[in-house]
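Student: Make a model of the complete structure from these sequences and hints.
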Amino acid sequence: MSNSLFSKKNMKLIKDPLNDSNPISIQVLGICSALAITIMLENAFVMSMAVLFVMVFSSLFVSLLRNLIPDRIRIIVQLVVVATLVITVDQFLKAFLFDVSKQLSVFVGLIITNCIIMGRLEAFALANKPGVSVVDAIGNALGYTWILLVVGFVRELFGTGAIWGFKILGTEGDTEALLSIPGYEHNGLMLFPPMALICVAVIIWIQRSKNTKLIEAN
Amino acid sequence: MLENVNIIIKGIFIENMIFAYFLGMCSYLAVSKTVKTASGLGLAVIFVLVVTVPLNYLLENHVLKEGALTWLSPEYAEVDLSFLGFIMFIAVVASVVQLVEMVVEKFSPALYGALGIFLPLIAVNCSILGGALFMQERQYETIGQATSFAFGSGIGWWLAIVALAAIREKIKYSNVPAPLRGLGITFLITGLMGIAFMSFMGINL
Numbered sequence: 001m002s003n004s005l006f007s008k009k010n011m012k013l014i015k016d017p018l019n020d021s022n023p024i025s026i027q028v029l030g031i032c033s034a035l036a037i038t039i040m041l042e043n044a045f046v047m048s049m050a051v052l053f054v055m056v057f058s059s060l061f062v063s064l065l066r067n068l069i070p071d072r073i074r075i076i077v078q079l080v081v082v083a084t085l086v087i088t089v090d091q092f093l094k095a096f097l098f099d100v101s102k103q104l105s106v107f108v109g110l111i112i113t114n115c116i117i118m119g120r121l122e123a124f125a126l127a128n129k130p131g132v133s134v135v136d137a138i139g140n141a142l143g144y145t146w147i148l149l150v151v152g153f154v155r156e157l158f159g160t161g162a163i164w165g166f167k168i169l170g171t172e173g174d175t176e177a178l179l180s181i182p183g184y185e186h187n188g189l190m191l192f193p194p195m196a197l198i199c200v201a202v203i204i205w206i207q208r209s210k211n212t213k214l215i216e217a218n
Numbered sequence: 001m002l003e004n005v006n007i008i009i010k011g012i013f014i015e016n017m018i019f020a021y022f023l024g025m026c027s028y029l030a031v032s033k034t035v036k037t038a039s040g041l042g043l044a045v046i047f048v049l050v051v052t053v054p055l056n057y058l059l060e061n062h063v064l065k066e067g068a069l070t071w072l073s074p075e076y077a078e079v080d081l082s083f084l085g086f087i088m089f090i091a092v093v094a095s096v097v098q099l100v101e102m103v104v105e106k107f108s109p110a111l112y113g114a115l116g117i118f119l120p121l122i123a124v125n126c127s128i129l130g131g132a133l134f135m136q137e138r139q140y141e142t143i144g145q146a147t148s149f150a151f152g153s154g155i156g157w158w159l160a161i162v163a164l165a166a167i168r169e170k171i172k173y174s175n176v177p178a179p180l181r182g183l184g185i186t187f188l189i190t191g192l193m194g195i196a197f198m199s200f201m202g203i204n205l
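Protein chains in written order, with this note's numbering: chain G, 1 to 218; chain U, 1 to 205.
One or more of the hints may lead you astray.
Straight-line C-alpha distance at most 30 angstroms; calculated DSS-like pairs for lysine-lysine [to be verified]:
| id | chain 1 | residue 1 | chain 2 | residue 2 |
| --- | --- | --- | --- | --- |
| 1 | U | Lys172 | G | Lys210 |
| 2 | G | Lys129 | G | Lys8 |
| 3 | G | Lys210 | U | Lys65 |
| 4 | G | Lys213 | U | Lys65 |
| 5 | G | Lys94 | G | Lys12 |
| 6 | G | Lys213 | G | Lys9 |
| 7 | G | Lys12 | G | Lys210 |
| 8 | U | Lys170 | U | Lys36 |
| 9 | U | Lys36 | U | Lys172 |
| 10 | G | Lys94 | U | Lys65 |
| 11 | U | Lys172 | U | Lys33 |
| 12 | G | Lys210 | U | Lys36 |
| 13 | U | Lys170 | G | Lys102 |
| 14 | G | Lys213 | U | Lys33 |
| 15 | G | Lys167 | G | Lys8 |
| 16 | G | Lys213 | U | Lys170 |
| 17 | G | Lys12 | G | Lys213 |
Here are some of the chain G residues that sit facing chain U, going by a computed Cβ distance under 10 angstroms [stated by the list, open to error]:
| id | residue |
| --- | --- |
| 18 | Val80 |
| 19 | Asp90 |
| 20 | Phe153 |
| 21 | Ile198 |
To be clear, the hints were calculated from the coordinates, so they are not data collected in a lab.
We put the beta carbon where it would ideally sit given N, CA and C, even for glycine.
Tutor: Right, dumping it as structure tokens:
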């Protein structure tokens with residue numbers, strides 16, 4: 001018996017990580033890269049696409065190999081699969097998106113240790129068929145993506161007044177900006193790492209206020 | 001000598017693994033509920049960093065860098081294997097952690113039981129691989145500098161997680177708003193601590 005592509009079970013696999021079991025705000029995975037590279041929206045988007053690519057293919061390969069991997073060395077095998085995919089992504093970024101690659105610097109390599117990828121491989125791909133594993137990977141990658149995009153959007157807009165490089169807000173006399181407000185100053189603190197933590201904290205606050213099931217017991 | 005001390009101080013305060021670079025956040029947030037477990041994990045991270053970064057340094061300088069293979073034969077002078085860095089570094093880290101796990105299990109079963117699942121999880125801790133990648137990016141000149149960097153970064157990570165655990169123990173009896181309880185307030189505290197550590201920015205050693 002095989003489920004059709006849009007069956008209820010598969011849709012649940014995609015919808016859950018967007019809210020109820022979001023990898024960043026609920027499962028507490030993949031925090032490192034979410035915070036460090038969200039200074040600009042473009043970087044956040046490229047990183048999300050890189051993680052999506054690595055997650056989908058690593059879930060696929062590990063799921064295909066799941067009956068052949070001995071238990072003692074399974075972490076090393078998973079790491080090798082993920083590392084190979086990340087090397088591919090890194091070379092691709094260096095070739096076609098060099099500016100972004102320079103800003104992402106070591107964090108492209110750190111996709112290897114991105115807890116979401118290892119977490120989903122351990123929790124799902126090792127025990128499930130390739131088809132569902134890929135759907136699960138896509139769901140979690142999308143959950144990760146939307147948080148990255150929101151934080152990147154807020155930080156870039158209030159930190160530099162731009163969205164994806166297009167200037168929107170500016171002080172008086174700033175001819176490039178769409179909206180020149182007299183006396184407006186960019187919030188430089190947004191460009192520093194701690195603000196990303198505070199942005200995610202606010203997202204968690206809003207998410208858990210709306211969905212009271214997720215509040216932690218004391 | 002002074003250069004090494006400077007690198008250690010930079011690793012603890014100015015380029016703190018947690019507050020400046022956000023490496024190792026997942027286990028940092030998950031294991032910081034009590035000071036005892038936080039300190040244990042921090043010490044384990046220091047140990048793994050100090051063992052793996054020098055090993056990776058030797059690997060980088062004698063196998064991977066451009067021109068590194070000249071000790072094999074002069075005709076390999078133009079071979080640049082640095083793209084294999086990721087896979088080699090993570091293989092070294094995973095093997096060292098597996099070795100440490102086996103040694104600890106044999107010689108100190110009590111410690112092995114206390115650390116539990118977190119010992120193998122250090123292998124995928126971003127701060128360990130991050131340490132190796134920063135070492136590769138910054139091209140330290142001697143193995144002494146690379147080891148000092150590992151030591152300093154490890155102590156910085158330990159300091160950060162123990163400080164957070166201490167604060168979390170204290171706020172157990174505070175009135176944190178329900179949606180912020182647990183993870184949310186931890187993010188806010190870490191953010192505020194990060195802003196505090198920003199006061200070290202710009203110090204040139």
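Student: The structure should be examined with respect to each hint, and the outcome stated for every one.
Tutor: Here is what the structure says about each hint:
For the proposed pair Lys172/U and Lys210/G, the alpha carbon gap of about 24 angstroms is at most 30 angstroms, so the pair holds. Between Lys129/G and Lys8/G, the direct Cα distance comes to roughly 17 angstroms. Compliance with the 30 angstroms bound is thereby established for this hinted pair. A distance of roughly 52 angstroms separates the Cα atoms of Lys210/G and Lys65/U; the hinted pair therefore is violated under the 30 angstroms criterion. Distance check on the hinted pair: Lys213/G and Lys65/U sit about 52 angstroms apart at the alpha-carbon level, beyond 30 angstroms; violated.
Straight-line distance between C-alpha atoms of Lys94/G and Lys12/G comes to about 36 angstroms, which puts the hinted pair past the 30 angstroms bound. Simply put, Lys213/G and Lys9/G have alpha-carbon atoms about 21 angstroms apart, close enough for the 30 angstroms limit, and the pair holds. Of the pairs offered as hints, the one joining Lys12/G and Lys210/G holds, with about 19 angstroms between alpha carbons and a cut-off of 30 angstroms not exceeded. Among the hinted pairs, Lys170/U with Lys36/U is consistent with the structure: their alpha-carbon atoms are about 14 angstroms apart, no more than 30 angstroms.
A threshold of 30 angstroms between alpha carbons decides the hint, and for Lys36/U with Lys172/U the separation of about 16 angstroms falls inside it, so the pair holds. With a C-alpha separation of about 17 angstroms, the suggested pairing of Lys94/G with Lys65/U holds against the 30 angstroms cut-off. Distance check on the hinted pair: Lys172/U and Lys33/U sit about 10 angstroms apart at the alpha-carbon level, within 30 angstroms; holds. Taken as a hint, the Lys210/G and Lys36/U pair is broken in the structure, with Cα atoms around 35 angstroms apart against an allowance of 30 angstroms.
For the proposed pair Lys170/U and Lys102/G, the alpha carbon gap of about 41 angstroms is over 30 angstroms, so the pair is violated. This hinted pair checks out: Lys213/G and Lys33/U have alpha carbons roughly 22 angstroms apart, not beyond 30 angstroms. Using a Cα cut-off of 30 angstroms, the hinted pair Lys167/G and Lys8/G is violated, with the two alpha carbons roughly 43 angstroms apart. At roughly 26 angstroms between alpha-carbon atoms, Lys213/G and Lys170/U fall within 30 angstroms of each other, so this suggested pair holds.
Restraint check for Lys12/G and Lys213/G: satisfied, since their Cα atoms lie roughly 17 angstroms apart, inside the 30 angstroms limit. Here the hint on Val80/G is kept, as its CB sits about 7 angstroms from the closest CB of chain U, short of 10 angstroms. For Asp90/G, the interface hint holds, since its Cβ comes within 10 angstroms of a Cβ in chain U; the closest pair sits about 7 angstroms apart. Hint status for Phe153/G relative to chain U: violated, with the closest Cβ pair at about 18 angstroms, above 10 angstroms.
Below 10 angstroms, beta-carbon pairs count as interface contacts, and Ile198/G has one with chain U at about 4 angstroms; its hint therefore holds.
Taken one by one, the earlier hints fail for this structure at numbers 3, 4, 5, 12, 13, 15, 20, listed in ascending order.
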